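For the protein sequence lines, the chains are A and B, in the order given.
Add 47 to the 1-based position in the first sequence for the numbering used here, that's all there is to it.
Add 4 to the 1-based position in the second sequence for the numbering used here, that's all there is to it.
Source of the hints: derived by calculation from the structure; they are not laboratory data.
Quick caveat: nothing in here was measured; it's all calculated off a predicted structure.
Some hints could be false.
Derived DSSO-like pairs (lysine-lysine); straight-line CA-CA distance at most 27 Å [stated by the list, open to error]: (1) Lys-15(B) - Lys-88(A); (2) Lys-64(A) - Lys-88(A); (3) Lys-103(A) - Lys-115(A); (4) Lys-18(B) - Lys-75(B); (5) Lys-88(A) - Lys-115(A); (6) Lys-75(B) - Lys-61(B); (7) Lys-50(A) - Lys-61(B); (8) Lys-153(A) - Lys-15(B); (9) Lys-50(A) - Lys-103(A); (10) Lys-50(A) - Lys-88(A); (11) Lys-64(A) - Lys-153(A); (12) Lys-115(A) - Lys-153(A); (13) Lys-61(B) - Lys-153(A); (14) Lys-103(A) - Lys-153(A); (15) Lys-103(A) - Lys-18(B); (16) Lys-75(B) - Lys-50(A); (17) Lys-18(B) - Lys-61(B); (18) Lys-115(A) - Lys-50(A).
The chain contents come next:
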Amino acid sequence: ELKVEQNPLFLSMQEGKNYTIYCNYSTTSDRLYWYRQDPGKSLESLFVLLSNGAVKQEGRLMASLDTKARLSTLHITAAVHDLSATYFCAVDPYSGGGADGLTFGKGTHLIIQP
Amino acid sequence: DTGVSQDPRHKITKRGQNVTFRCDPISEHNRLYWYRQTLGQGPEFLTYFQNEAQLEKSRLLSDRFSAERPKGSFSTLEIQRTEQGDSAMYLCASSSNRDSSSYNEQFFGPGTRLTVL
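From just these sequences and the hints, can you work out the full model?
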């Protein structure tokens, strides 16, 4: 059974600081996704990582994937209050042509304080 | 088409009643997924359709749950004889396997929040 673990689960940080959220998963996969969820809202797709060494950046967020270590990171640079949300990583257990439902981590609840 | 839509957004029901939710995916997407999310947790996969075929069902999907996607367009999720433990947000997502650069990137709808009294 695929397990996806995120840490930390809760993070309070100050504006302007940098931090990294970690996502470990238990089985071979080369498809990993990051989502953002605001309170009471649905999930917004942030990044799609489809190969070992993939790195994607959008604004103050950068995501990377190391399939050998089964690890993805989401790095926040110079945090601003608008980035406060819950961030989920999700793994697709299939490689190749198949597809399946995603397995999500428990989420990292991020609060950025002025 | 602006995204995945779900109806209703909120549903309150009494234990033992049946409920049905509807999901309309992004029009060009051939894959449709149902997830359940409880407070403080990540979404949990329930079932998945490719076109009209239901290809995968999670062990979370008990025999009280049934999903359909007639004609490969919208989908319905029915819960029979609801229990208090069914209270959750039910999320629908859709994706397309036609774009290799974002393979299986799933776009989520706003969800249906179910409360079973």
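These are the hints, each one checked on the structure:
{"no.": "1", "hint": "Lys-15(B) - Lys-88(A)", "verdict": "16 Å, holds"}
{"no.": "2", "hint": "Lys-64(A) - Lys-88(A)", "verdict": "26 Å, holds"}
{"no.": "3", "hint": "Lys-103(A) - Lys-115(A)", "verdict": "18 Å, holds"}
{"no.": "4", "hint": "Lys-18(B) - Lys-75(B)", "verdict": "32 Å, violated"}
{"no.": "5", "hint": "Lys-88(A) - Lys-115(A)", "verdict": "34 Å, violated"}
{"no.": "6", "hint": "Lys-75(B) - Lys-61(B)", "verdict": "19 Å, holds"}
{"no.": "7", "hint": "Lys-50(A) - Lys-61(B)", "verdict": "18 Å, holds"}
{"no.": "8", "hint": "Lys-153(A) - Lys-15(B)", "verdict": "25 Å, holds"}
{"no.": "9", "hint": "Lys-50(A) - Lys-103(A)", "verdict": "23 Å, holds"}
{"no.": "10", "hint": "Lys-50(A) - Lys-88(A)", "verdict": "25 Å, holds"}
{"no.": "11", "hint": "Lys-64(A) - Lys-153(A)", "verdict": "24 Å, holds"}
{"no.": "12", "hint": "Lys-115(A) - Lys-153(A)", "verdict": "22 Å, holds"}
{"no.": "13", "hint": "Lys-61(B) - Lys-153(A)", "verdict": "21 Å, holds"}
{"no.": "14", "hint": "Lys-103(A) - Lys-153(A)", "verdict": "22 Å, holds"}
{"no.": "15", "hint": "Lys-103(A) - Lys-18(B)", "verdict": "46 Å, violated"}
{"no.": "16", "hint": "Lys-75(B) - Lys-50(A)", "verdict": "34 Å, violated"}
{"no.": "17", "hint": "Lys-18(B) - Lys-61(B)", "verdict": "26 Å, holds"}
{"no.": "18", "hint": "Lys-115(A) - Lys-50(A)", "verdict": "16 Å, holds"}
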